[in-house]
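Visitor: The chain contents come next:
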Amino acid sequence: AQKITQTQPGMFVQEKEAVTLDCTYDTSDQSYGLFWYKQPSSGEMIFLIYQGSYDEQNATEGRYSLNFQKARKSANLVISASQLGDSAMYFCAMSLREEAAGNKLTFGGGTRVLVKP
Amino acid sequence: EAGVTQFPSHSVIEKGQTVTLRCDPISGHDNLYWYRRVMGKEIKFLLHFVKESKQDESGMPNNRFLAERTGGTYSTLKVQPAELEDSGVYFCASSQDLVIDEQFFGPGTRLTVL
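Order-wise, the sequence lines are chains A and B. Just add 40 to wherever you are in the first sequence, counting from 1, and you've got my numbering. Just so you know, my numbering puts 38 at position 42 of the second sequence, and the rest follows in order with no gaps.
By construction, these hints were calculated from the structure, which means they are not laboratory data. A quick note: this is a predicted structure, and the numbers were derived from the prediction, not measured. For every residue, glycine included, the Cβ atom is placed at its ideal position computed from N, Cα and C. No false leads were mixed into what you were given.
Simulated coverage check for chain B against chain A, where a stretch passes if three residues somewhere in it have a Cβ under 8 angstroms from a Cβ of chain A: (1) 28 to 39; (2) 42 to 55; (3) 99 to 105.
Estimated spans, in silico, between C-beta atoms of each pair: (4) A:Ile86 x B:Gly12: 34 to 40 angstroms; (5) A:Gln123 x B:Gln92: 26 to 32 angstroms; (6) A:Ser81 x B:Arg18: 19 to 25 angstroms; (7) A:Arg137 x B:Thr69: 24 to 30 angstroms; (8) A:Lys110 x B:Leu110: 42 to 48 angstroms; (9) B:Pro57 x A:Lys113: 24 to 30 angstroms.
Bound-form chain A, shown alone (with noise of 0.2 angstroms):
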C-alpha cells in the first residue's frame, strides 16, 4: 500500500523568503503521480502542481516547484518569495498512476504554514 509522509506538522517563514516543504512516500508501483494542494482557512483544497514519476524535469508552476528526487523517494515543494496568502495547510497527495482522473489519491498529514509580515 502507498504512504505518503510529512514530517513538518507547521512552520514559520519570513515573507519574501523561499520555504520547502517535505514530503516522501512509499510505494511499490513504477507509475504515480505527486500533487501538492492547498488548503487556506476558508477550507476549499486548491491544486497547485503535479509531478509524474516518469517526468524528467522538476515541475515547475509559477512560484510553486517540486524538488522530485525518485531514488529518495521525496517530492518536496518549495514556494519562492513567500507572500502573507500563502499562509495555509498543505498537502501533498499521491496516485498510483500519472493520471489522477479516474485514481484515488492518498495523502499525507499535512504542513500548516503561516508567513509572517
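Let chain A serve as the given structure and place chain B on it in line with the hints.
Guide: Structure of chain B alone, referenced to chain A:
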C-alpha cells in the same frame, strides 16, 4: 464555470441520527470522489464514481455509509446512524474522464456528531 459545490457546509447532529451530504461536481466531470478527514488524521479516500457507477468503494468505513450518484450528476453520502467517530470534514472532488492532472475539490462539509 462553477466549481465543485457541497451542501451543507456544516452539520451538527446527535449520535444515532441520519445525515445526508450532497456534492455537485463540475458539469461534465464523469469522475466523482468522496474523501474525509477526521480530527488529527490524514485525508482518506472513501469512494469513486464513474458516472453513476461505483468504481472503487474500498475506503468506505462500514455499512452505515451509503453513497449514490443517480443519473451520473450530483452525489449524496448518507450516514445512518451517525456515530461520534464520523465527525470530520467530508470532501468531494471531481475530474474529467480524460487524462488530466488534477481533481477539483469542493469546500467540504464539516460534520459534527454529538
